[in-house]
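Chain by chain, the residues:
Protein chains: 2
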Amino acid sequence: MAKSTGKKNAFYAQSGGVTAVINASACGVIETARANKHKIGKVLAGRNGIIGALTEDLIDTSKESARAIAALRHTPSGAFGSCRYKLKSLEANRREYERLIEVFEAHNIGYFFYNGGGDSADTCLKVSELAEKMGYPIQAIHVPKTVDNDLPITDNCPGFGSVAKYIAVSTREASFDVASMAKTSTKIFVLEVMGRHAGWIAAAGGLAADEDCDLPIVILFPEVEFDQKAFLATVEKKVKKYGYCSIVVSEGCHWPDGKFLAEQGTRDAFGHAQLGGAAPVVANMIKDALGYKFHWAVADYLQRAARHIASKSDVDQAYELGKAAVKLALSGKNSVMPTVVRKSSKPYKWTIGEAPLAKVANVEKMMPKNFITKDGFGITPKCREYLTPLIKGEDYPPYGKDGMPKYVILKNAPVKRKLGDFEIQ
Amino acid sequence: MAKSTGKKNAFYAQSGGVTAVINASACGVIETARANKHKIGKVLAGRNGIIGALTEDLIDTSKESARAIAALRHTPSGAFGSCRYKLKSLEANRREYERLIEVFEAHNIGYFFYNGGGDSADTCLKVSELAEKMGYPIQAIHVPKTVDNDLPITDNCPGFGSVAKYIAVSTREASFDVASMAKTSTKIFVLEVMGRHAGWIAAAGGLAADEDCDLPIVILFPEVEFDQKAFLATVEKKVKKYGYCSIVVSEGCHWPDGKFLAEQGTRDAFGHAQLGGAAPVVANMIKDALGYKFHWAVADYLQRAARHIASKSDVDQAYELGKAAVKLALSGKNSVMPTVVRKSSKPYKWTIGEAPLAKVANVEKMMPKNFITKDGFGITPKCREYLTPLIKGEDYPPYGKDGMPKYVILKNAPVKRKLGDFEIQ
Numbered sequence: 003m004a005k006s007t008g009k010k011n012a013f014y015a016q017s018g019g020v021t022a023v024i025n026a027s028a029c030g031v032i033e034t035a036r037a038n039k040h041k042i043g044k045v046l047a048g049r050n051g052i053i054g055a056l057t058e059d060l061i062d063t064s065k066e067s068a069r070a071i072a073a074l075r076h077t078p079s080g081a082f083g084s085c086r087y088k089l090k091s092l093e094a095n096r097r098e099y100e101r102l103i104e105v106f107e108a109h110n111i112g113y114f115f116y117n118g119g120g121d122s123a124d125t126c127l128k129v130s131e132l133a134e135k136m137g138y139p140i141q142a143i144h145v146p147k148t149v150d151n152d153l154p155i156t157d158n159c160p161g162f163g164s165v166a167k168y169i170a171v172s173t174r175e176a177s178f179d180v181a182s183m184a185k186t187s188t189k190i191f192v193l194e195v196m197g198r199h200a201g202w203i204a205a206a207g208g209l210a211a212d213e214d215c216d217l218p219i220v221i222l223f224p225e226v227e228f229d230q231k232a233f234l235a236t237v238e239k240k241v242k243k244y245g246y247c248s249i250v251v252s253e254g255c256h257w258p259d260g261k262f263l264a265e266q267g268t269r270d271a272f273g274h275a276q277l278g279g280a281a282p283v284v285a286n287m288i289k290d291a292l293g294y295k296f297h298w299a300v301a302d303y304l305q306r307a308a309r310h311i312a313s314k315s316d317v318d319q320a321y322e323l324g325k326a327a328v329k330l331a332l333s334g335k336n337s338v339m340p341t342v343v344r345k346s347s348k349p350y351k352w353t354i355g356e357a358p359l360a361k362v363a364n365v366e367k368m369m370p371k372n373f374i375t376k377d378g379f380g381i382t383p384k385c386r387e388y389l390t391p392l393i394k395g396e397d398y399p400p401y402g403k404d405g406m407p408k409y410v411i412l413k414n415a416p417v418k419r420k421l422g423d424f425e426i427q
Numbered sequence: 003m004a005k006s007t008g009k010k011n012a013f014y015a016q017s018g019g020v021t022a023v024i025n026a027s028a029c030g031v032i033e034t035a036r037a038n039k040h041k042i043g044k045v046l047a048g049r050n051g052i053i054g055a056l057t058e059d060l061i062d063t064s065k066e067s068a069r070a071i072a073a074l075r076h077t078p079s080g081a082f083g084s085c086r087y088k089l090k091s092l093e094a095n096r097r098e099y100e101r102l103i104e105v106f107e108a109h110n111i112g113y114f115f116y117n118g119g120g121d122s123a124d125t126c127l128k129v130s131e132l133a134e135k136m137g138y139p140i141q142a143i144h145v146p147k148t149v150d151n152d153l154p155i156t157d158n159c160p161g162f163g164s165v166a167k168y169i170a171v172s173t174r175e176a177s178f179d180v181a182s183m184a185k186t187s188t189k190i191f192v193l194e195v196m197g198r199h200a201g202w203i204a205a206a207g208g209l210a211a212d213e214d215c216d217l218p219i220v221i222l223f224p225e226v227e228f229d230q231k232a233f234l235a236t237v238e239k240k241v242k243k244y245g246y247c248s249i250v251v252s253e254g255c256h257w258p259d260g261k262f263l264a265e266q267g268t269r270d271a272f273g274h275a276q277l278g279g280a281a282p283v284v285a286n287m288i289k290d291a292l293g294y295k296f297h298w299a300v301a302d303y304l305q306r307a308a309r310h311i312a313s314k315s316d317v318d319q320a321y322e323l324g325k326a327a328v329k330l331a332l333s334g335k336n337s338v339m340p341t342v343v344r345k346s347s348k349p350y351k352w353t354i355g356e357a358p359l360a361k362v363a364n365v366e367k368m369m370p371k372n373f374i375t376k377d378g379f380g381i382t383p384k385c386r387e388y389l390t391p392l393i394k395g396e397d398y399p400p401y402g403k404d405g406m407p408k409y410v411i412l413k414n415a416p417v418k419r420k421l422g423d424f425e426i427q
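Residue numbers (the working numbering), protein chains in the order written: chain H, 3 to 427; chain Z, 3 to 427.
What the hints contain is simulated information worked out from the structure, not anything from laboratory work.
A couple of the hints might just be wrong.
Pairs count within a copy or across copies, as identical chains cannot be separated in the list.
[To be verified] No more than 20 Å apart at the CA atoms, straight line, and that leaves these computed lysine to any residue pairs for SDA-like:
id : residue 1 : residue 2
1  : Lys314    : Pro400
2  : Lys408    : Tyr398
3  : Lys185    : Ala415
4  : Lys376    : Arg386
5  : Lys295    : Thr188
6  : Lys403    : Ala211
7  : Lys314    : Asp397
8  : Lys289    : Glu265
9  : Lys314    : Tyr398
10 : Lys185    : Glu238
11 : Lys289    : Gly245
12 : Lys413    : Ala211
Bound conformation, chain H alone:
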């Protein structure tokens, strides 16, 4: 395979579930690449993530104005499209990896920036290894992103802080609401949040209450087997003391036998399995046992898309990690991921570190046991100390005269194709 010479282009793609700040990382990558034009050519983005690379469906980001790229910093979602597509192992589908390298070579790509979670770190690593073997080396840098906060080594993942802020603020607001209504009406408010395996997001609900704002919050973590009796007793105690109670339930909350609460055997008129989530199950359980009137909400995409209440820490880190990815590439690094290194919590100080992809790929960071209170329904001071800096600061998007946030929709101009079709299997 002939090596291309001179300045190489960069490839950037977004992977998996998007977040309020993944575009801030894209902004960091593209702006930093543009600032180093003497070393890096164009940044070509994959349309709909890695699918875009496989099908040679590339976007020429050089067609976007500096202003449009800057606006990515305050625009939620994945501006180039993301995908849920995990490359198989090298053994199972070497064809796909070879195709990636073929596309990279055709477009003179020397830098591979992949913005995602654990799976994409693994892809990133494999691409780098295979490219080396095939004699077309690529510097593969992974940019961390996941609302689930489950990547190892990095202190936290961009995307999580903003979800955490949304959940903490919303739980506080809804708790104030139900407190007002409790005397004659609603006494229970249940909010369902994301996090099927790890309770990081549910834990953020605990930030709604603090020493200056005494609110009764009960959290149902996926890490804790659901104990109905203890739960109902806790809720009853809170209602007796405060007049009401808010419950934050993770979608991953499950019974001792592993069955999700959301799978409570609910059937629709056609006999289809349950439609609802964990929140209505929990709310009805309380109503049946204790008779309290309830309201429930399911935040779903609203929580991870809520750029309007993003955490400044989160936005800053997402941008800086994108920037650091390019700097790592320029300094000759390969198969690494820039990380957030916490220097201190009070005051919050952090810096950028790096981790080898071999240590990141396919490792899931769970919430430490000592972050959950002994009764299983709350967060410990240690957890609060960890979480608080991550929701610190507000970073509002600009708004138009019409009262709406100005989020950018890019032109996403296609790059002319050079190769034949490729069928995704």
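We have chain H; now place chain Z onto it with these hints.
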């Protein structure tokens, strides 16, 4: 009955479902009363709304600092507690009205400020009429509040603009999210919003898209009988054009026979009626017919409590209406409600007017037919012109160093009781 002499105290209470800005009206009432100390004594608030007046459970707001009262302007929910308690007709329960007047007389109350919707306007009117007859006249002023935006005469109701902004912004954000995921994963996002009878809140979802931000939004209004075939065809068309579709469904969306979509016959394992809302029903209906992967959210209390994304128009008007209520009282008015009068939409100009309670009580303002597009799934330019000014401007609450909004919890010191017990029937 002996008339009290000299300076009279004021009574203030919050009624029905609370909002992000009802406390801004409380702030307007209390600050304006404090600024007129030579004419108005203390402002005594009803703990948990009118229940507090009936049971002589009053709060002495003079014990709160100026700073705490000022903080009400940016605190969601009802700071003194609200209630869902509708006084019966004078004929059916004259005893309650007489008790109110007895309590007002015992605490030298000459002003009755009642902050609520249509029912409380009616209560306000009756209290004023009966007090007159009983020889203890009260100046009864109603302060409008309702997220449902269904009070007559006033151009809009405080509380609605902020819900509308939350729904418009959230729908835009979630649409950006689903657009990113649509290629390989979620193609449908369904958001369920409040509004059992009127589609004002659902209509706000239509603001998510505009000429600068082309998003496929389908709205299901309570005013339009649900037409499954037309709905599915519309969704399919949008997905074919855009790759995805967002649906905003009112909780009041119903079939031609009047049955709510949310009552789709869902049963849990114990045979209890449905747990879920309209959103999962709509989402599953699309999945069954068209096969698209979906996500759904139910905003519930989050939408009306979301002070963090309140509309500045809304906060300003809530405050000014509270202030105007006191000014109306000071100018000798009785049985009236201050209103918002729209002078122009572009630019948005409004002023405060007034309406006699006899014309407000028990009248529900529905959404005009020409606000809904002919196909029944969108909003017209007329509707957009009406709604846009109401979500105009941002009015962020202050945040602490911990990244959380600083909402105030008042001391709510009780007023010493002077009367015997009263049993609510």
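Practice problem: Pop the pair Lys185 and Ala415 into one bin, within, between, both or neither, using alpha-carbon distances up to 20 Å. | Solution: Close across copies (17 Å), not inside one copy (58 Å); limit 20 Å.
Self-check item: Homomeric proximity label, Lys185 with Glu238: Cα distance no greater than 20 Å
Solution: within (15 Å within a copy, 46 Å between copies)
Self-check item: Alpha-carbon proximity between Lys403 and Ala211, which holds within one copy, between copies, both or neither at 20 Å
Solution: between (35 Å within a copy, 15 Å between copies)
Quiz item: Checking Lys314 and Asp397: alpha-carbon separation at most 20 Å within a copy, between copies, both or neither?
Solution: Intra 5 Å, inter 18 Å, cutoff 20 Å: intra and inter.
Self-check item: 20 Å Cα threshold - placement of Tyr398 relative to Lys314
Solution: Close inside one copy (9 Å) and across copies (15 Å); limit 20 Å.
Quiz item: What label fits Lys295 with Thr188 when the C-alpha limit is 20 Å: within, between, both, or neither?
Solution: within (5 Å within a copy, 33 Å between copies)
Quiz prompt | Up to 20 Å CA-CA - Pro400 versus Lys314, copy category | solution = For Lys314 and Pro400, both the intra-copy (14 Å) and inter-copy (15 Å) Cα distances are at most 20 Å.
Practice problem: Using 20 Å as the alpha carbon limit, work out where Lys408 and Tyr398 are close: within a copy, between copies, both or neither. | Solution: Cα proximity of Lys408 and Tyr398: in one copy and across copies (11 Å, 17 Å).
Quiz item: For Lys289 vs Glu265, is the C-alpha pair at or below 20 Å within one copy, between two copies, both, or neither?
Solution: Both ways: Lys289 and Glu265 sit 18 Å apart in one copy and 18 Å across, limit 20 Å.
Practice problem: Have a look at Lys376 and Arg386 and pick one of within, between, both or neither, based on CA distance no larger than 20 Å. | Solution: within (15 Å within a copy, 52 Å between copies)
Quiz item: Between copies, within a copy, both or neither: which fits Lys289 and Gly245 at Cα up to 20 Å?
Solution: within (15 Å within a copy, 41 Å between copies)
Practice problem: Give the relationship of Lys413 and Ala211 under a CA distance limit of 20 Å: within one copy only, between copies only, both, or neither. | Solution: between (43 Å within a copy, 17 Å between copies)
In summary, this structure violates none of the numbered hints.
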